[in-house]
Amino acid sequence: MNFATIFGSIFEVTLVGILLGAGLPALFALGIRFAHSPSSNGTNALGKIASTICFAIIAVAIIAGILWVTKATIYQYSGFDIFGTEG
Amino acid sequence: MGNSNSILGIYRQKIQNRHLVSTLFRAYFPIVTELIILLIVIVTALAFDFTNGFHDTGNAMATSIATGALKPKVAVALSASLNLVGAFLSVEVATTVAKGVVDLDQFDLSNAWDSHQLLLVVFAGLIGAIVWNLLTWLLGIPSSSSHALFGGLIGAAIASLGFGGVVWEGVLSKMIIPALAAPVVAGLVAAIGTFAVYSITKAVGDNEKNRYFRWGQIGSASLVSLAHGTNDAQKTMGVIFLSLVATGHLGTDADIPFWVKATCALAIAIGTYLGGWRVIRTLGKGLVEIDSPQGMAAETSSAAIILTSSHFGMALSTTHVATGSIMGTGIGRKGAKVRWSVAGRMAMAWVITLPASAIVGVFCWWVAHGIGLISSDLLGVLVAFAILVILSGYIYARSRRVPVDPSNVNADWNEESNSVEPATPSAPAASEITEAPAAPAAQAVQDLNNENEVTK
Numbered sequence: 000m001n002f003a004t005i006f007g008s009i010f011e012v013t014l015v016g017i018l019l020g021a022g023l024p025a026l027f028a029l030g031i032r033f034a035h036s037p038s039s040n041g042t043n044a045l046g047k048i049a050s051t052i053c054f055a056i057i058a059v060a061i062i063a064g065i066l067w068v069t070k071a072t073i074y075q076y077s078g079f080d081i082f083g084t085e086g
Numbered sequence: 000m001g002n003s004n005s006i007l008g009i010y011r012q013k014i015q016n017r018h019l020v021s022t023l024f025r026a027y028f029p030i031v032t033e034l035i036i037l038l039i040v041i042v043t044a045l046a047f048d049f050t051n052g053f054h055d056t057g058n059a060m061a062t063s064i065a066t067g068a069l070k071p072k073v074a075v076a077l078s079a080s081l082n083l084v085g086a087f088l089s090v091e092v093a094t095t096v097a098k099g100v101v102d103l104d105q106f107d108l109s110n111a112w113d114s115h116q117l118l119l120v121v122f123a124g125l126i127g128a129i130v131w132n133l134l135t136w137l138l139g140i141p142s143s144s145s146h147a148l149f150g151g152l153i154g155a156a157i158a159s160l161g162f163g164g165v166v167w168e169g170v171l172s173k174m175i176i177p178a179l180a181a182p183v184v185a186g187l188v189a190a191i192g193t194f195a196v197y198s199i200t201k202a203v204g205d206n207e208k209n210r211y212f213r214w215g216q217i218g219s220a221s222l223v224s225l226a227h228g229t230n231d232a233q234k235t236m237g238v239i240f241l242s243l244v245a246t247g248h249l250g251t252d253a254d255i256p257f258w259v260k261a262t263c264a265l266a267i268a269i270g271t272y273l274g275g276w277r278v279i280r281t282l283g284k285g286l287v288e289i290d291s292p293q294g295m296a297a298e299t300s301s302a303a304i305i306l307t308s309s310h311f312g313m314a315l316s317t318t319h320v321a322t323g324s325i326m327g328t329g330i331g332r333k334g335a336k337v338r339w340s341v342a343g344r345m346a347m348a349w350v351i352t353l354p355a356s357a358i359v360g361v362f363c364w365w366v367a368h369g370i371g372l373i374s375s376d377l378l379g380v381l382v383a384f385a386i387l388v389i390l391s392g393y394i395y396a397r398s399r400r401v402p403v404d405p406s407n408v409n410a411d412w413n414e415e416s417n418s419v420e421p422a423t424p425s426a427p428a429a430s431e432i433t434e435a436p437a438a439p440a441a442q443a444v445q446d447l448n449n450e451n452e453v454t455k
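Residue numbers (numbering that gives the first Met the number 0), protein chains in the order written: chain A, 0 to 86; chain B, 0 to 455.
So here's chain A without its partners, still in its complex pose:
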């Protein structure tokens, strides 16, 4: 393993880390912000929809996370390769 590959790996891990590890908390914060929009009453319905969308994306991410952890087990017992990483 040479240094170029190592730093390539570190770079990729960092990039994905920022996308998911910082992006999801930001999305969650956005959902909270929309749900508790301090502006006038009129925007509340819109805020509720926006916050629901944010939380729904996070729910999908959590399910994806659990499937990611269990992907090898699922592949072993059902042969179903969810992320195309096993075969």
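In short, the hints are calculated from the structure, not lab data. A couple of the hints might just be wrong.
[To be verified] In silico contact screen, one side only, chain B against chain A (beta carbon under 7 Å); selected entries: (1) Ile-191; (2) Gly-192; (3) Val-196; (4) Leu-225; (5) Phe-311; (6) Val-366; (7) Ile-370.
[Said to hold, decoys possible] Keeping only pairs whose Cα atoms sit at most 30 Å apart, straight-line, the calculated DSS-like set for lysine-lysine is: (8) Lys-98/B with Lys-173/B; (9) Lys-173/B with Lys-70/A; (10) Lys-336/B with Lys-201/B; (11) Lys-70/B with Lys-336/B; (12) Lys-201/B with Lys-70/B; (13) Lys-98/B with Lys-47/A; (14) Lys-336/B with Lys-98/B; (15) Lys-201/B with Lys-333/B; (16) Lys-98/B with Lys-70/A.
[As the list claims (entries may be wrong)] Computed from the model, here is a short list of chain B residues facing chain A with C-beta under 8 Å: (17) Leu-88; (18) Val-184; (19) Gly-215; (20) Thr-307; (21) Ser-406.
It should be emphasised that the depicted structure is a prediction, and the values quoted were computed from it without experimental measurement. Even glycine gets a Cβ: it sits at the ideal position worked out from N, Cα and C.
Dock chain B against chain A, hints included.
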């Protein structure tokens, strides 16, 4: 005359009997000895698995405990259950332990002497790892259990095979570089996350905000626990599997026996449930004072990195990532401070994890091997095991002087000593009888203090 003859006959008979017994003994002794040695190695492996769970509870749960999102006991119970489930999810347990770091393939398993040597290397490596895990727990330092295990194995492999038994390039690319990268990467991700979270929710009231973030914290911490169970229990399963292969009880391509999976899952779960309160305290209170939004950002950063890093060819240690994330939340929040002296002590511990556990590994290998040469293999293993038990007992006894448990895990950090042990009241508790009722009272005072801080 006849009398003496019959006495002689009895003696002769006795000598014959003794001869028969000793022949039987010689025939079966190696088998029995080997079985006992194997059992001791398996017990030691499970003990390592236990310390692994025990040491790493804080990685997932320290932030939730510190912010009060979960009560301490509930947090460790949740983490233990998820570790148990995670361990049972393990498949494809590698028959090779520490592949690419230690070259255990040099042992020819069809040869009885080599098999025994391999078993000794694994055994001595495990002792090194357990001793290091316990010592760092006593000091309240989160350090990587896999580094400790690999360190112990490296030491034992050097003692047994010489320096050629270690794949030094693997040590650099699989251990040293990831250990340097993990805190930086995790710290960066968590700092960005924390900064974003605080900027976005600036307009939302603290109470409402915290209600959401507590749930976010619990969710992200649960994912970390599940991933921990899957990754870490697998390591011990690999060690036990290798020992069973070395002693000829299993073929190299056999499936992992259910009892191995079950005992490893239980050992890591029980360890997690007992909770390494000292490590939890350092991570949750010592490094950074944490609030729910920070806790959520830290655990999400940890979960994202732990889950994806191995996919990108750089397996980062759970402990290094979790610690880096928690530091990052201190950097990303305006006004929060990281206690750099605590972080520095931690970094120091990480640097010496490998050599320290390696030295214990070398020492235990020489004890077990040396005594094995002059006496019996079994005695060597028993003496090394006794050393482990004595050291563990000493460390445990030392930890009881100032215990850290669910009642004082969130007590104010001792800024002067920076020690994980909470400052004791000026008059030390005289006996256990006075100590017991004092604990809830101390907690109440603690809660009051916290409230005061909030209202300030």
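(message) Are any of the numbered hints broken by this structure? If so, which, sorted upward?
(response) Checked against the structure, the hints that fail are numbers 6, 7, 13, 14 and 21, while the rest are satisfied.
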